[in-house]
Amino acid sequence: MRKFESEINKIEDVYQIKIEVPFAVKYVCVYLIKVRDKLVLIDSGLNLVNWRKKFFQSLEDIHVDIQDIDYCFITHIHIDHIGLVKKLKQANPKLKILMHNITYE
Numbered sequence: 000m001r002k003f004e005s006e007i008n009k010i011e012d013v014y015q016i017k018i019e020v021p022f023a024v025k026y027v028c029v030y031l032i033k034v035r036d037k038l039v040l041i042d043s044g045l046n047l048v049n050w051r052k053k054f055f056q057s058l059e060d061i062h063v064d065i066q067d068i069d070y071c072f073i074t075h076i077h078i079d080h081i082g083l084v085k086k087l088k089q090a091n092p093k094l095k096i097l098m099h100n101i102t103y104e
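Mapping of the sequence shown onto numbering that gives the first Met the number 0: position 49 corresponds to residue 48, and the numbering continues sequentially without gaps.
Treat the hints as calculated values from the structure; they're not laboratory data.
Some hints could be false.
[To be verified] The calculated DSS-like cross-link candidates involving lysine-lysine, where the alpha carbons are at most 25 Å apart (straight line), are:
1. LYS25 to LYS2
2. LYS33 to LYS2
3. LYS25 to LYS85
4. LYS52 to LYS33
5. LYS86 to LYS33
6. LYS37 to LYS52
7. LYS53 to LYS86
8. LYS53 to LYS33
9. LYS9 to LYS53
10. LYS53 to LYS93
11. LYS95 to LYS52
12. LYS88 to LYS52
13. LYS86 to LYS37
14. LYS85 to LYS2
15. LYS2 to LYS93
16. LYS95 to LYS2
17. LYS88 to LYS33
18. LYS53 to LYS17
Please build the complete structure, drawing on both the sequences and the hints.
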């Protein structure tokens, strides 16, 4: 099984978690934003074993526990944006999932 490369970029209170994928797009990015005292994850990323492992490792690298994330905002329903929603919710039952009605339907 191939390991995925990743990188974390930070601008003030915004982290870009950029993880390699074995597809033409090369990377899938999610964003973790600190808003006042809340942590908001923009999109959940892919539910591929190596991608998921790298994502959780990236959270550890920036000293964020999944329990500390308050919201996950889903921008749209593509698999690279919603793939880990169930896993995130299982790991953090308090996590609030936010999305537009069109995405929910």
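message = Check whether the Cα positions of LYS25 and LYS85 lie no farther apart than 25 Å.
response = holds (24 Å)
Margin query: Hinted pair, alpha-carbon criterion (25 Å max): LYS95, LYS52. Please report holds or violated.
Written below: holds (22 Å)
Given the hinted pair LYS33 and LYS2, is their Cα-Cα distance within 25 Å? With a Cα-Cα distance of about 29 Å, the restraint between LYS33 and LYS2 is violated, given a limit of 25 Å.
Would the pair LYS53 and LYS17 pass a check requiring their Cα atoms to be no farther apart than 25 Å?
holds (10 Å)
Note to self: Next pair to validate is LYS37 with LYS52; report whether the Cα-Cα distance is within 25 Å.
What the structure shows: Between LYS37 and LYS52 the Cα gap is close to 24 Å, so the pair holds against 25 Å.
**Request:** With a cut-off of 25 Å on the C-alpha distance, tell me whether LYS53 and LYS86 pass.
**Result:** With Cα atoms ~14 Å apart, LYS53 and LYS86 stay inside 25 Å; holds.
Has the given pair, LYS85 with LYS2, been kept, meaning a C-alpha gap of at most 25 Å?
-> Roughly 23 Å between the alpha carbons, so the hint for LYS85 and LYS2 holds.
Holds or violated: LYS95 with LYS2, Cα cutoff 25 Å?
violated (30 Å)
Compare the distance between the alpha carbons of LYS86 and LYS33 with 25 Å, and conclude whether the hinted pair is satisfied.
holds (21 Å)
Is the hinted pair LYS2 and LYS93 satisfied, with a Cα-Cα distance of at most 25 Å?
violated (31 Å)
Pair hint LYS86 and LYS37, alpha-carbon separation not exceeding 25 Å | holds (20 Å)
Check whether the Cα positions of LYS9 and LYS53 lie no farther apart than 25 Å. holds (17 Å)
This entry does not satisfy hints 2, 15, 16, going by the numbered hints stated previously.
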